Amino acid sequence: MGIRRDIDARVRRARRDARKADDLVRDYLPFIKAETAKFMHRPPQEGRDDELSIAMFAFHEAVMTHDGSRGAFIPHATRVIRNRLVDFTRREARHAHTVSLDQTDGNDDERTIGDQIGAHDAAVENHGTREATRQEIASYAKALAAYDVSFSDVAESCPKQERTLATCRKALSCAREHPEILERLEQTKKLPIAALVKRGGVERKTLERHRRYLIALLVAHTNGFEIIRGHLRALSAQPERREP
Amino acid sequence: MTYLVLECALSYAVVLSEDGRYLRVPNLGYRAGDTIDHVHEFPEEAQAKRRRFALVPAAVRAVAVAACLCGVLIGGAAVWSSPFGTVRMRINPEVTADVNRFDRVVSLVGDNADGQELIEGYWSYGKDVRNVTSELAERAEDMGFLEDGGTIEIDVTSEHREWRIALEDQIIDELTIQVGSSDTVYRRGAAPEEDRSEEDPPEERVEQSPAAAQPAQPSAPDDGDADEWDEIEVPVPAASAPTTATPAPPVESDDDDDGWDDDAGDDDGDDDADDDWDDDDEGDDD
Chain A
1 MGIRRDIDAR VRRARRDARK ADDLVRDYLP FIKAETAKFM HRPPQEGRDD ELSIAMFAFH
61 EAVMTHDGSR GAFIPHATRV IRNRLVDFTR REARHAHTVS LDQTDGNDDE RTIGDQIGAH
121 DAAVENHGTR EATRQEIASY AKALAAYDVS FSDVAESCPK QERTLATCRK ALSCAREHPE
181 ILERLEQTKK LPIAALVKRG GVERKTLERH RRYLIALLVA HTNGFEIIRG HLRALSAQPE
241 RREP
Chain B
1 MTYLVLECAL SYAVVLSEDG RYLRVPNLGY RAGDTIDHVH EFPEEAQAKR RRFALVPAAV
61 RAVAVAACLC GVLIGGAAVW SSPFGTVRMR INPEVTADVN RFDRVVSLVG DNADGQELIE
121 GYWSYGKDVR NVTSELAERA EDMGFLEDGG TIEIDVTSEH REWRIALEDQ IIDELTIQVG
181 SSDTVYRRGA APEEDRSEED PPEERVEQSP AAAQPAQPSA PDDGDADEWD EIEVPVPAAS
241 APTTATPAPP VESDDDDDGW DDDAGDDDGD DDADDDWDDD DEGDDD
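Protein chains in written order, with the numbering used here: chain A, 1 to 244; chain B, 1 to 286.
Chain A extracted, bound-state conformation:
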């Protein structure tokens, strides 16, 4: 009973905090491995079996979504882990005939297929680019921290519906057309909702609900984040969609 109360209290504290939930995953890794082994009918190997990563993500999700009034946490986590593993297995079954570049070619020298076709060499060549990207991402995270926003918060705040995404893109277009909005964002560290509503013609409620997501998007379009902006070229290329 005491153990159950302890974990329930920890889950309550970790709820809505991705980092604390991740710490809980680390503490309950033996339990997660046991549940994965039950599903796989063999012990999972860390770093090799994707099922273990899926189970860890499912446990993390269970922590973030657990409602204490609807029962104990462990049975809930067990159910979520199993459901996610079932989903993952079904999806993977569709790609059963896909060959990975990281697979060995079957010979004893353990050379991967990627090594043979030169993909690995290309990856080495891109190592410098990756390092630059990593530095830019760190700067981006630091810039967002000034707004008291983390990447996990942005992921939480990201719209799920395509229509809402279109509204947010419309707000971004407005900010890019009016650089003073971006300047004001950098100066005040607050999203200029009134200006976006007035000039962009978007709904205030949508902007307020997805405030952290919009901050992340607008910050990425300020000076200094060329790689990230380059990655978002599809976003920039997308035509504005008219709301129904």
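Heads up, a few of these hints could be off.
[What the hints assert, rightly or not] Covered stretches of chain A (in silico footprint by chain B; criterion: 3 or more residues with CB under 8 Å from a CB of chain B, positions within the stretch not fixed): (1) 21 to 30; (2) 227 to 233.
[Unchecked claim] Partner residues aside, some chain A positions facing chain B, computed with beta carbon under 10 Å: (3) Ser-53; (4) Phe-57; (5) Pro-75; (6) Thr-133; (7) Ala-155; (8) Lys-160; (9) Ala-216.
Source of the hints: derived by calculation from the structure; they are not laboratory data. Computed from a predicted model, the values in this text were never measured in an experiment. The beta-carbon is built from N, C-alpha and C at its ideal position, and this holds for glycine as well.
Model the placement of chain B on the given structure of chain A, informed by the hints.
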């Protein structure tokens, strides 16, 4: 679609898609700065439950729905077509209708030749039994089976007593309103008084009276003549007794026309008196 890995933790990674979505996905060995082509994006748990149901092949779902539909249709048809009771209607034509639990006629047959003639060309299936009896009464009038002063006898039988009584009352009430005072509607076993008086012989009527069993008041059958014996000295209580459909106590009667009571030798005072009157009647006739 490519994804840029922004943040990595033990259990998850945050990636940025080309179309500007920030996603938290399982960390399958990613590192910050990686660009990946595919991520495992899970829907929220509530959506996942719906999708798991949707994963059942469409053909299986269609077959399951069709099976359920067939079951409902077959069950409904069985309930609809199973008779809940029977309504017999006798004018001179006799017809019998099987009625389901919804008071709808599921079969109608003529019990005699006139009945078959009455229902010939008449569609009754699925109609309310009250409407059917009403329409049959109307047809009987049109076809000359039911004339003024005629009778309609209704008999409802069912294992469900309350349903039977209620339906019988409703049919009789509606037919009574329909035919008015020209004809008579009654339930079986409750024939109107004048009909019974025409059918029953006078001897039976006398003997059905409870008063006729009293030895102090000998009762004698009305012999039909107008002699003074019958009118003055012999009280005939049966003549004033009400003729009802209530069954009389069983009384032995002399039904033959020989003028003699067959059990004249017994000690029953009533029969002895009858014997005396019979003797006298014979003398009168002589």
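Numbers of unmet hints, in rising order: Hint 5 is the one this structure does not satisfy, whereas the remaining hints hold.
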